[in-house]
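Peer 1: Each residue of the sequence shown is one higher than the one before, counting from 1 in the UniProt record's numbering.
These aren't lab readings, by the way, just hints derived from the structure by calculation.
This one's a predicted model, so the numbers in the text were calculated from it and none came from an experiment.
Yeah, the Cβ is synthetic: ideal placement off N, Cα and C, and Gly gets one too.
Careful, some of the hints might be misleading.
As the list claims (entries may be wrong) - Ranges of calculated distance between the beta carbons of each label pair, as one might list FRET restraints:
hint: 1; residue 1: M1; residue 2: R41; range: 10 to 20 angstroms
hint: 2; residue 1: R42; residue 2: A10; range: 29 to 39 angstroms
hint: 3; residue 1: E15; residue 2: R39; range: 15 to 25 angstroms
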Amino acid sequence: MARVTVSLDADLAIEVMLLAGTKSPQDAVELIVRDYLERGRRTEARTGNTADQDRLADRRSAPEEGR
Numbered sequence: 001m002a003r004v005t006v007s008l009d010a011d012l013a014i015e016v017m018l019l020a021g022t023k024s025p026q027d028a029v030e031l032i033v034r035d036y037l038e039r040g041r042r043t044e045a046r047t048g049n050t051a052d053q054d055r056l057a058d059r060r061s062a063p064e065e066g067r
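Let the hints inform the model, and build the full structure from the sequences given.
Peer 2: Below is the structure:
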């Protein structure tokens with residue numbers, strides 16, 4: 001996998017290290033980014049994605065039965 005170098009403010013790097021519980025800023029940022037991506041995937045799995053909007057729009061526009 002390709003590597004990318006990113007410059008961060010020292011205070012931000014320290015906060016990320018404390019939040020992630022690591023001693024290395026590189027590891028901390030990697031953990032935070034991986035967690036962010038996984039959280040997005042979990043949210044998408046629970047709520048659907050933009051392709052599901054067409055399917056749901058048809059259901060919402062149909063009149064409700066039994067009223």
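Peer 1: Just to be sure I understand the hint, the distance between the Cβ atoms of M1 and R41 should be within 10 to 20 angstroms; is that true here?
Peer 2: At roughly 18 angstroms between Cβ atoms, R41 and M1 fall inside 10 to 20 angstroms, so the hint holds.
Peer 1: Given the hint of 15 to 25 angstroms, check if E15 and R39 actually sit that far apart at their C-beta atoms.
Peer 2: The hint (15 to 25 angstroms, Cβ to Cβ) holds, given that E15 and R39 are roughly 19 angstroms apart.
Peer 1: Could you check the hint for me, namely that R42 and A10 are 29 to 39 angstroms apart, CB to CB?
Peer 2: Holds, since R42 and A10 (Cβ atoms, about 32 angstroms apart) stay within the stated range.
Hint violations for this structure: none, all hints satisfied.
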